[in-house]
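Given the coordinates of chain H, assemble chain D onto it according to the supplied hints.
So the chains spell out like this:
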Amino acid sequence: MESTESKSKRQLTTLLDNDVLARVERMRLNPTRRLTNRSRGEHLSGKGGASTEFVDYRDYSPGDDTRYVDWNIFSRLNRPYMKQFRHEEEMHVVVIVDASSSMVYDGKIERAKQLAASLAVMGLMNLERVSVYACHRKSGALQFVSGITGRVSMRRLFDFLENIETGGDFEIDEAVQSVLRRHTGRGIAVLLSDFFTFGAMDRPLNMLFSAGLEVFGIQILAPAEISPEVTGDLRFVDCENGATLDISSAGELLGIYQEHRLALQERIESLCRSRNGRFLSISSHDPLPWVLFDLLRRRGWVR
Amino acid sequence: MSFPGFYDLSGAWLFLLLIPLIIFYFLKLRRPRMDVTSLVLWQQVINDQRVNSPFQKFKRNMLLLLQLLLLVSVILAVMQPFLPTGADRANYVPVLIDCSASMGARDKPGGPTRLEVAKAQVEQMIEDLLPDQQLSLIAFHKTARRVTDFTNNKRVLRDGLRDITVTDIPSKIEEALRMTQAMARTVEINDVLLLTDGNFPTDADFELPFQLTYQRLDPGGRNIGITALNARRAGARKWEVFVRVEGSQKEQTAARVEWSQDGNPVGGEEVILEQQQTERLVFNVETDRPSMIRVQLTPEGFDALESDNVGYLDLPAGRDLTVYCPLEMKAFRHALRGLENIIVEPADGSGASELSEYDLLISDRPEDASPPAQVSLYVGVIPPRLKDLVTVESGGAEIVDWVKSSPLLQYVELTEVYSNDRPQSAPDVHDRHYEEAGFDILAHGRTGPLIVADRSGERPTYYLLFHTDNSTLPYRVGFPILVANTVQIATRQSSLSDVRGTTTGVLPARQLLTNRTYHVAGPGSISRDVNSDDNGIVAGISAPLVGEYALSEGGSEQARIGASLLSSEETSLTGTDTIQFRELSVAATEEKVKMDRPLWPLLTLAALVFLLAEWWYFLRRSGGMVA
Chain H
1 MESTESKSKR QLTTLLDNDV LARVERMRLN PTRRLTNRSR GEHLSGKGGA
51 STEFVDYRDY SPGDDTRYVD WNIFSRLNRP YMKQFRHEEE MHVVVIVDAS
101 SSMVYDGKIE RAKQLAASLA VMGLMNLERV SVYACHRKSG ALQFVSGITG
151 RVSMRRLFDF LENIETGGDF EIDEAVQSVL RRHTGRGIAV LLSDFFTFGA
201 MDRPLNMLFS AGLEVFGIQI LAPAEISPEV TGDLRFVDCE NGATLDISSA
251 GELLGIYQEH RLALQERIES LCRSRNGRFL SISSHDPLPW VLFDLLRRRG
301 WVR
Chain D
1001 MSFPGFYDLS GAWLFLLLIP LIIFYFLKLR RPRMDVTSLV LWQQVINDQR
1051 VNSPFQKFKR NMLLLLQLLL LVSVILAVMQ PFLPTGADRA NYVPVLIDCS
1101 ASMGARDKPG GPTRLEVAKA QVEQMIEDLL PDQQLSLIAF HKTARRVTDF
1151 TNNKRVLRDG LRDITVTDIP SKIEEALRMT QAMARTVEIN DVLLLTDGNF
1201 PTDADFELPF QLTYQRLDPG GRNIGITALN ARRAGARKWE VFVRVEGSQK
1251 EQTAARVEWS QDGNPVGGEE VILEQQQTER LVFNVETDRP SMIRVQLTPE
1301 GFDALESDNV GYLDLPAGRD LTVYCPLEMK AFRHALRGLE NIIVEPADGS
1351 GASELSEYDL LISDRPEDAS PPAQVSLYVG VIPPRLKDLV TVESGGAEIV
1401 DWVKSSPLLQ YVELTEVYSN DRPQSAPDVH DRHYEEAGFD ILAHGRTGPL
1451 IVADRSGERP TYYLLFHTDN STLPYRVGFP ILVANTVQIA TRQSSLSDVR
1501 GTTTGVLPAR QLLTNRTYHV AGPGSISRDV NSDDNGIVAG ISAPLVGEYA
1551 LSEGGSEQAR IGASLLSSEE TSLTGTDTIQ FRELSVAATE EKVKMDRPLW
1601 PLLTLAALVF LLAEWWYFLR RSGGMVA
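Residue numbers (the numbering used here), protein chains in the order written: chain H, 1 to 303; chain D, 1001 to 1627.
In isolation and in its complexed conformation, chain H is listed as follows (with noise of 0.2 Å):
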């Protein structure tokens, strides 16, 4: 007990071991494009900068800063160039927690939790602006932290995941719609949820694609959600909602029920990949270090 008690003491976090979160501090993120805030930060943009990366020549225009103008040139061409350097602009990663009555079972918010500590930890030791949503209750407010930036604001990303509100009928496409009503800022938007909604996810994936967001979504499901094993007539009760479903012969629609989970599934990846997005689906059940460092680097999520 005692040496419980001091192992936890030791721990960052109770989300992740140390060995996990020293392991992700040194990883980084790897979008597809270069979405980034005007602010300098670790991303290089492909617009003229001020680092010492030199990058091109243009003409000169009347305004520009003369220091920039190449004086060798000029003296051997006698007409002024501006010399141009790489720009390092910050991006901004925004996690999207689906904290509703649908990820608390089976260990999904927990997973979710992890994960976005795990992604938004990479977004902090890069020098990228963090900001963190969880969405848990129509009605309630939202739960955020934001604008976040730097290895001092660690302790503050962890106390904020770790005392989420959870349980509630909030669902992902409207939890994406109220996000953004609030947010601003380019870069990466990733998405932890099962995805589970009656309404449409092609809206709010368009608004996160017009945000200058690359959405990186990632659901979760239980195991019991990935294979039920029911029979018999049953009346399912939605946990969300309280909405009831009477099933006769449960056992005889698995089958359907399989080709609807990986239609879902198709057909939120393929929303993803239209809007240069990804997609992935794991099991709660899936150890988090092969899904941080084994599925996510091979798929070229993060480096």
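Bear in mind the hints are in silico, worked out from the structure with no lab data behind them.
Ideal placement from N, C-alpha and C gives every residue a C-beta, glycine not left out.
Don't take each hint at face value.
Examples of chain D residues toward chain H, derived with CB under 10 Å [said to hold, decoys possible]: (1) Arg1030; (2) Arg1031; (3) Asp1035; (4) Val1045.
A short list of chain D residues far from chain H (calculated; beta carbon distances all over 10 Å) [as the list claims (entries may be wrong)]: (5) Pro1109; (6) Arg1178; (7) Arg1319; (8) Ala1437; (9) Val1499; (10) Pro1598; (11) Leu1602.
Coordinates of chain D only, in the frame set by chain H:
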């Protein structure tokens, strides 16, 4: 197509139970609740399934459907439906099952016997028995035995059916029909089922009061057997033995016949029979003491019936016929003197008899003063049982008619025979009174009978109510013929002229010691005790199987009798097509008896299946994921 009938239609009221069943089902229908994270996928599944499966609603109430099917099956079973076959349905059906020797025949090696085939049909009838129908099983061969009373208790009927076994006795159907007729006095019998292979005499001396279904079973296969075995005296110690062998009517048969005397082989011969051919074998044996001849037939190839492959013949010791005739009856002694192989006592001049029993007694003394004999002829004696019916008076008497077919009066001309003794029947005494007293009138006078024969007892006894010394009979040609006939009867009775093989059924009476208990051991583990009467006669020994029956006393064998089948009908295995009764004939049918087929066993089975299906479905439905 015939629609099913219902024995208990009032059970249809139970269909009202369907109403509360449906009501209670929907009142009590509660699906187990299960929390799921989201209904998104399941809603899509249901929408998809409803499109693909138009029977979704039907499947949703599968449990109710199974319960309804279960209840309907049970109610229909309670109503006791049956499938009518078109046959008139009788409430009381006697089933006459032939268990004679030919019913043990098989149609092929290892195949079932005819009796087993018949039993299978009766078993099906018992299975299909309706509640208001009762069967009575009657097994018959030469006689009939009621195996079960009228009952619908299937266990009793099956037990009774199991007890019926083949006996090596020829069959006659009259006894079974008479027994059935007697049963008809207590219950109404309209139809009688006769299950037999038809190996019995075509003519039946019976007036059929009910409808008889003569169901003839398929005949057995190829068969050859011994159908007759007898012997004729060919000398003082020599016998000619005759064996008749018959085969199947439709096939060639062959066998080897071997005979032995007291266990010692005597000879043998090969026999090949074409269709419808019989073979008569003759061989001689010599014996000066009682001897048993055993004839064994060994068929070549398959033989349907085994019981006709052996025959037994008991030969008596060769000797002269002993006749007791008083010296005073000179006419008879004179007539006897001309016959061979006869010893007449008392001898002339001696006046005393040396034997305690004779083969033939001719006497004019009252019965109680005469020595016992196999055949007796009393002259001028009125039988004690007829003393109240007839008296002998003086006066002329004349024979006006006589029974010419009687063995005693065969070839005897009695016209113009007069007697001074005139038998006079008592007033109001007619012929039937003599018959009721146990006598047959062989010769009629004008006022009363002149010659009568006692029908009672094993030993033939004849009475001439007039004395021959007071008549013209000794002077007629018919007199020596009458004496010769009497001797012939005695010779046959003492088995001194010819003997026939003893057939199964009841063994012939044997003369042994008086008032003793003898143990009878026979084939098929037959074991029983019989008692001899005051005359030392042992009679009534049942012999249902072919074989040797030993009579022993205190472990010491006293007699041995061989019983054989010796029946041409049984061996031929050719069933008669038609039974000719007195007034009508009944044709055989090979169609199986149509019985209304009960359906409730099937419905009960269906109900059980529905119950199991409902149980399985209920268990399957109640399982599932724990949220």
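Evaluation of the provided hints:
no.	hint	in the structure
1	Arg1030	holds, 8 Å
2	Arg1031	holds, 4 Å
3	Asp1035	holds, 5 Å
4	Val1045	holds, 5 Å
5	Pro1109	holds, 56 Å
6	Arg1178	holds, 68 Å
7	Arg1319	holds, 99 Å
8	Ala1437	holds, 93 Å
9	Val1499	holds, 87 Å
10	Pro1598	holds, 36 Å
11	Leu1602	holds, 28 Å
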